[in-house]
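Using the sequences and the accompanying hints, generate a full structural model.
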Amino acid sequence: MLIPFYIFRYEKELSQIDSDEERLEKLRREYERVAEMLDQECKNGRMRSVTGGALCELSRTVVEKLASKYENVEKEVAEVMGGKVLTYRSKELYQEALAKGIEQGLANLAAGKYQRGESIEKIADDLLMSTVEVEELLNNQEEADDDSFRMGSLEIAALLGHWKWF
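In the working numbering, each residue's number is its place in the sequence shown (first place is 1) plus 786.
None of these hints come from the bench; they were simulated from the model. If you're wondering where the values come from, they're calculated on a predicted model, not measured in any experiment. Treat the hints loosely; a few may be bogus.
[As the list claims (entries may be wrong)] Below, a list of computed lysine to any residue pairs in the SDA-like style, where the Cα atoms sit at most 25 Å apart: (1) LYS812 <-> LEU788; (2) LYS851 <-> ILE906; (3) LYS812 <-> GLU797; (4) LYS861 <-> LYS899; (5) LYS861 <-> GLU807; (6) LYS798 <-> GLU811; (7) LYS855 <-> ARG809; (8) LYS886 <-> ILE906; (9) LYS899 <-> ILE888; (10) LYS886 <-> VAL848; (11) LYS851 <-> ILE888; (12) LYS886 <-> MET833; (13) LYS855 <-> ILE803; (14) LYS829 <-> ARG815; (15) LYS861 <-> ARG815; (16) LYS798 <-> SER835; (17) LYS812 <-> ARG834; (18) LYS798 <-> VAL848; (19) LYS812 <-> GLY831; (20) LYS829 <-> GLY839; (21) LYS899 <-> ALA885; (22) LYS851 <-> ALA885.
Put into structure tokens, the structure is as follows:
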């Protein structure tokens, strides 16, 4: 099924659907099932989250163009495919990446302060964190730095043609 173009099945009926609450609800439920199937495919690993999100976005765009004269149809389907009904994995990935970025930023900030000689207590006070949290950030930062260094060394060795030594 070409999901973004699914709405074309109803192209000739859109004016009737738009003015009939029962048919409108049926169309919404149908799109909710489609969205749920996409969500399950992403969760099961059979479809990448980015692909599922893109299909939903394309579906919403097609509906907006095709059903622009039918306010109720456009609103209902766009809500479902736009994510008001379901949270897609791509949104979850974005939130996870954002949280990880914030954590990495705090870790870099804590590491910089620590390298300048600030105490863990002072850093914790400045960042509104406990000393245990700051120590964890600093430990995680050291581990990340170690991993980056090893990977960098391997990449450099490969570029120099010494990869067989590793």
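Comparing the hints with the structure gives:
1. LYS812 <-> LEU788: With Cα atoms ~20 Å apart, LYS812 and LEU788 stay inside 25 Å; holds.
2. LYS851 <-> ILE906: It is violated: about 57 Å lies between the C-alpha atoms, which goes past 25 Å.
3. LYS812 <-> GLU797: At roughly 15 Å apart (the allowed maximum being 25 Å), GLU797 and LYS812 satisfy the hint.
4. LYS861 <-> LYS899: 51 Å, violated
5. LYS861 <-> GLU807: 13 Å, holds
6. LYS798 <-> GLU811: 17 Å, holds
7. LYS855 <-> ARG809: With Cα atoms ~17 Å apart, LYS855 and ARG809 stay inside 25 Å; holds.
8. LYS886 <-> ILE906: With Cα atoms ~22 Å apart, LYS886 and ILE906 stay inside 25 Å; holds.
9. LYS899 <-> ILE888: 17 Å, holds
10. LYS886 <-> VAL848: Measuring from Cα to Cα gives roughly 34 Å; hence the hint is violated.
11. LYS851 <-> ILE888: Since the Cα atoms of LYS851 and ILE888 sit roughly 38 Å apart, the hinted pair is violated (cutoff 25 Å).
12. LYS886 <-> MET833: Satisfied, since the Cα-Cα distance of roughly 24 Å is no more than 25 Å.
13. LYS855 <-> ILE803: 12 Å, holds
14. LYS829 <-> ARG815: Holds, because 21 Å separates the two Cα atoms, which is no more than 25 Å.
15. LYS861 <-> ARG815: Answer holds: LYS861 to ARG815 is near 13 Å, not above 25 Å.
16. LYS798 <-> SER835: Since the Cα atoms of LYS798 and SER835 sit roughly 32 Å apart, the hinted pair is violated (cutoff 25 Å).
17. LYS812 <-> ARG834: 28 Å, violated
18. LYS798 <-> VAL848: 15 Å, holds
19. LYS812 <-> GLY831: 29 Å, violated
20. LYS829 <-> GLY839: Distance of about 12 Å is within 25 Å: holds.
21. LYS899 <-> ALA885: 21 Å, holds
22. LYS851 <-> ALA885: Not OK: LYS851 and ALA885 at ~35 Å, beyond 25 Å, violated.
The structure is inconsistent with the numbered hints 2, 4, 10, 11, 16, 17, 19, 22, although it conforms to all the rest.
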